[in-house]
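Please put together the full structure from these sequences, using the hints given.
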Amino acid sequence: MLSKSFNNDFSLFCHKRVEHFLSEENSSIEFKALQERQFHIRDVLEQKLNNDNELKYLDELFKYETEAFMRIYATAFKEGILFSKNPQ
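Those letters in the sequence shown? Residues 4 to 91, by this note's numbering.
If you're looking for bench data, these hints aren't it; they were derived computationally from the structure.
Computed from a prediction, not measured in an experiment: that's the story for all the values here.
Do not take every clue at face value.
Estimated spans, in silico, between C-beta atoms of each pair [stated by the list, open to error]: (1) Glu22 to Glu68: 13 to 23 Å; (2) Thr69 to Asn10: 17 to 27 Å; (3) Val47 to Asp12: 33 to 43 Å.
No farther apart than 20 Å at their CA atoms in a straight line, the calculated lysine to any residue pairs in the SDA-like style are these [stated by the list, open to error]: (4) Lys19 to Phe9; (5) Lys7 to His18; (6) Lys88 to Ala77; (7) Lys66 to Val47; (8) Lys66 to Val21; (9) Lys81 to Phe9; (10) Lys51 to Glu63; (11) Lys81 to Phe24; (12) Lys7 to Phe80; (13) Lys35 to Phe65; (14) Lys81 to Ser6; (15) Lys59 to His43; (16) Lys81 to Asn11; (17) Lys35 to His18; (18) Lys66 to Gln38; (19) Lys81 to Thr69; (20) Lys88 to Phe16; (21) Lys7 to Cys17; (22) Lys81 to Ser14; (23) Lys88 to Ser8; (24) Lys19 to Glu33; (25) Lys19 to Ile75; (26) Lys19 to Ala79; (27) Lys35 to Val21; (28) Lys35 to Phe24; (29) Lys7 to Leu85; (30) Lys81 to Glu70; (31) Lys7 to Phe86; (32) Lys59 to Val47; (33) Lys19 to Glu70; (34) Lys88 to Tyr76; (35) Lys66 to Asp46; (36) Lys19 to Phe80; (37) Lys19 to Ala77; (38) Lys51 to Phe65; (39) Lys51 to Leu64; (40) Lys81 to Asp12.
We put the CB at the ideal spot given by N, CA and C, even for glycine.
Structure below.
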């Protein structure tokens with residue numbers, strides 16, 4: 004099991020890495036292209052929805068999807084770190 008301090012340090016590392024990633028020109032270009040496609044899809048869905056209450060659910064969907072991917076990647080990174088420290 005990972006310690007609380009490791010989890011806090013790792014969370015800070017992930018936030019700093021995301022900030023760095025977004026500031027890198029090549030990564031930023033790829034990210035912006037993906038973000039534009041995501042917002043295009045959101046705009047299309049927004050036109051099909053009838054009211055603000057339904058739009059709220061669309062926003063929640065994107066938020067939870069992003070959080071889910073962050074958790075998946077964080078777990079994978081942690082497991083990778085543990086694997087690399089485990090002599091085999």
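query: Quick one, are Lys19 and Glu70 close enough, alpha carbons at most 20 Å?
result: 16 Å, holds
- prompt: Do the alpha carbons of Lys7 and Phe80 lie within 20 Å of each other, as the hint requires?
  reply: Holds - the C-alpha atoms of Phe80 and Lys7 are around 16 Å apart, at most 20 Å.
message: For Lys66 and Gln38, compute the direct alpha-carbon distance and say whether it is at most 20 Å.
response: Between Lys66 and Gln38 the Cα gap is close to 13 Å, so the pair holds against 20 Å.
- request: Kindly confirm whether 33 to 43 Å is satisfied by the beta carbon distance between Val47 and Asp12.
  value: 41 Å, holds
field: Agreement of Lys81 and Asp12 with the hint, judged by alpha carbon distance not exceeding 20 Å
entry: Measuring from Cα to Cα gives roughly 11 Å; hence the hint holds.
- prompt: Does the alpha-carbon distance linking Lys51 and Glu63 stay inside the 20 Å limit?
  reply: Satisfied, since the Cα-Cα distance of roughly 17 Å is no more than 20 Å.
- prompt: Is the hinted pair Lys81 and Phe9 satisfied, with a Cα-Cα distance of at most 20 Å?
  reply: OK: Lys81 and Phe9 at ~10 Å, within 20 Å.
message: Does Phe86 sit within 20 Å of Lys7, going by the straight-line distance between their CA atoms?
response: 19 Å, holds
query: Does Phe24 lie within 20 Å of Lys81 when you go C-alpha to C-alpha?
result: Given pair Lys81, Phe24 holds - Cα atoms ~19 Å apart, limit 20 Å.
- request: Sort out whether Val21 lies within 20 Å of Lys66, counting only the CA atoms.
  value: 16 Å, holds
- prompt: Between Lys81 and Thr69, does the CA-CA distance stay at or below 20 Å?
  reply: 18 Å, holds
message: I want to verify a distance hint. Is the separation of the beta carbons of Glu22 and Glu68 within 13 to 23 Å?
response: 21 Å, holds
Checked against the numbered hints given earlier, this structure breaks none of them.
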